[in-house]
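Visitor: Chain residues, written in single-letter form:
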Amino acid sequence: MSQAKDEDTVSITVEFSGGLEMLFANERKLSLTIPVKDENGERPNIAFLVRHLCDTIMKDPRKELFVLDDTVRPGILVLINDADWELEGEDKYEIEEGDNILFVSTLHGG
Amino acid sequence: MAYETVIRTLRQKITSCESQLQDLRRHLAEAEYQNQRQRALSHPERNVHSSADPLAHDFTHGMHDDFTSEIFAALSHSEEAAPPKRRWPLETTEYKRYGRQLIMPEIGLQGQLRLKKASVLIVGVGGLGCPAAAYLVGAGVGTVGLVDGDTVEESNLHRQILHSTAKVNMTKVDSAIVSLHSLNPHVNLVPHYGRLTPETAISTLQHYDLVLDCTDTPASRYLISDTCVLLGKPLVSASALRTDGQLMVLNNPPLPPGNAAGGPCYRCVFPKPPPPESVVSCGDGGILGPVVGTMGVLQALEALKVLTKEPSTSVTRSASPDPPSLLIFSAYSSPMFRTIRLRTRKPKCAACSAHATVTAEALNSGSLDYVQFCGTINPVDALGPNERISVDNYAKIRLDVNPFTGLEPSKDSHILVDVREKVQFDLCSLEGSVNVPFSTVSSTSSKVKNGPGTEPITEAGWVAELRQHVDKPIFVVCRMGNDSQVTVKKLKELGLDNGGQRWIGDIRGGLRAWRNNVDKDFPEY
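The listed protein sequences correspond, in order, to chains U and Y.
Residue 1 is where the first sequence starts when you use this note's numbering, and the numbers rise one by one after that.
Residue 1001 is where the second sequence starts when you use this note's numbering, and the numbers rise one by one after that.
Bound conformation, chain U alone (with noise of 0.2 Å):
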C-alpha cells in the first residue's frame, strides 16, 4: 500500500486538562490529522481547529461546556506548543505540523 506522506494533511497533537477530557470520552491526548486548507482555502487555524474538534471529535452533546459564541468557553485556556494563544494571535494562530495544542479548563476546588 502507498502509505506515502499525504501532502493534504497535518498532524498534530491536541491534549484536554483540567477536565476537559470528559467531554472527549475521557482521552487526554489525540493525534489528530487535519487538511492541510480550511473550507475557504485557508491554512487551517485554531478556529478551525475548534470548529473541527466540535462537529467530528466530540462526541458529548454539552457542546457549551467547550465553546460559547464561536470560540472557546471563558475559563478555558489555549496553550500553542507551551505558550498562551495570546502569545500567538489566538484563535488566527495558523497551525503547523507537528504543533502540540492543550486545552486546559481552570480548576477552582481548593
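Just so you know, these hints were derived from the structure itself, not from any lab.
Where a beta carbon is used, it is the ideal one built from N, C-alpha and C, also for glycine.
Hints are supplied without guarantee of correctness; some may be wrong.
[Unchecked claim] Pulled a few chain Y residues facing chain U out of the computed Cβ check, cut under 10 Å:
no.: 1; residue: Gly1129
no.: 2; residue: Thr1215
no.: 3; residue: Ala1238
no.: 4; residue: Pro1271
no.: 5; residue: Ser1281
no.: 6; residue: Gly1296
no.: 7; residue: Pro1324
no.: 8; residue: Thr1339
no.: 9; residue: Leu1342
no.: 10; residue: Arg1343
Assemble the complex: chain U is given as a structure, and chain Y must be docked to it using the hints.
Guide: Frame of chain U; chain Y shown alone:
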C-alpha cells in the same frame, strides 16, 4: 420487640456520649493551646537563656571534669572580662530551628531576616491553605494571617492536614492556629474569622506583604486578585480538583495599575468567568489529598521565593523577574508537571490596566458583586409536582404493605434508576436499583427518531433496556436531587414515557434526603 427498644436507646446514648466526647476534645484542644500560649508569654526568655551561653551547652557533657575546668580556664583567660552580650540578628533558637534552610544560599541570613519581617495572608484554610500555612509558619515567616469562615468537617481530614479528628466542628481558623502554634510558637498568627467580602477585602489584605489564594470559588479568586492589584501585593494562586492542579504567581512584580511592566493579574489570564455550570467543587468532583497538598506546598515555595528575593537595585536591574507562567500538575499524566508561558498584563484589563474599572471605592462600597459576576446555579427545579415523589412516599412503595390492596411491597413493581457515577453507585446503593451514570445520560443525544420505520441503528443500550417493561413506572434518584430531575426530562425527550402513559419521576432530594428521612444507616460521603 423489646430488643428494638434497647437497641434504639443504646444508639441514642452512644450518639449523645459521642457528641459530649467531641465537645470535651475540643475544649481540651483549646485549653492546651491557651496554656501553651500563656507559657510562651510568661517565659519568653526561657528557651533563649538555656542555650544562650555556648559554654553552658556541650562542654559539661561527656567530658572529664578536670578537662572541662581547664578549658574554662583557658577560655576565660583569653578574654579579659566577661564577654559583652553578643547581639546576633536572630534569636539563638532561631539559628537552630531554621539552620537547615539558613545554610542554603537561596535563604541565608538575609533571607531569613526578610522572612521574619514578612507577613503573609492565607485566604482559605483547606486543602491548599493547610500545607501552605504549615510550611510558611515552619520557615519562620514573621506574621501569618488566616481567613476562613468554615468549621472543620470529617470529610476535610484526608487532605486538610492542620485539622484533626478531635477538632471537627471547631472553626478552621482556630483549628489551624492551634496546630501552627505548636509547630512554631515564634510566628505571630492572626485569625480572620468569616469569608472575605468586597467590603472587608481591602482592610483585611492591606497589612500583609503577600497573599495566598487558597479558596475554592471563581468569585473569591477575582475578588482576591482585584484587591491585590489595588493594594500592590503579589499573589500566589493555586487550585486543584480530582487529580489535577494549577499554580500561578500573579501581580508579580506588583506595580500600580497601568504599568505594563507589572505582572499579569487573574483577570488578565481569565477576563471572563467560566459559566457556573462548568465549575466543579471538590465535594462534587472529588479530590486526592496529595494532589491538593502538592499545590499548597508549591504555593508556600513560591511565596518563600518572592519574600526572600533580593530587592533589585539599579545596578542589578539586569536580573529580570521570571516571566509569568502557569504550572499544570496532572497526577496521572506523564510528565506530571508542565509549565506554560502566560501573557503579560492585558492592555484592556479591567483591574490592572490604565483603563481599570475596578477601583478601591467600588470595592469598598460593595457595588462590585462578584457572586453575580460569576453567576450561580440554583438548585435544579425542572419538574412539576406530579413528576416528583418525596422520599417518605417512595419508602412506602418500597417498604410498606399497600393499605388498600393488601399487596406486599415489591421492588419489582417499578424501575429505580440511580444516575450517580458508577464509582459512587459502587459505594452504596438502594437494593434493586439500576445504575445509569449521569455522564452517560448527558452524552446520549436526545434527538427524536425520524418516524416509524427509521429506527436509529444504535440506540444506547441503557435506553433500549428502559424501553422494555413499559408497564413499570420509572423512579430516578441521584445524590442530591438535581441530576435526577434533568434525567427525568431526558427520559421523556427520549420518549420513554410512552406519550405520558408511563409515569417517570424523580425522588426529591435524592439519597441525601433518603438518609435523612428514611434510612439513617445509609452511608454519607
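Visitor: Each hint needs a verdict: does it hold in this structure or not?
Guide: These are the hints, each one checked on the structure:
1. Gly1129: holds (7 Å)
2. Thr1215: holds (6 Å)
3. Ala1238: With Cβ-Cβ at 7 Å, under 10 Å, it holds.
4. Pro1271: Constraint on Pro1271/Y satisfied, holds at 7 Å.
5. Ser1281: holds (6 Å)
6. Gly1296: holds (8 Å)
7. Pro1324: holds (9 Å)
8. Thr1339: holds (7 Å)
9. Leu1342: holds (5 Å)
10. Arg1343: Since the shortest Cβ distance to chain U is 4 Å, the answer is holds.
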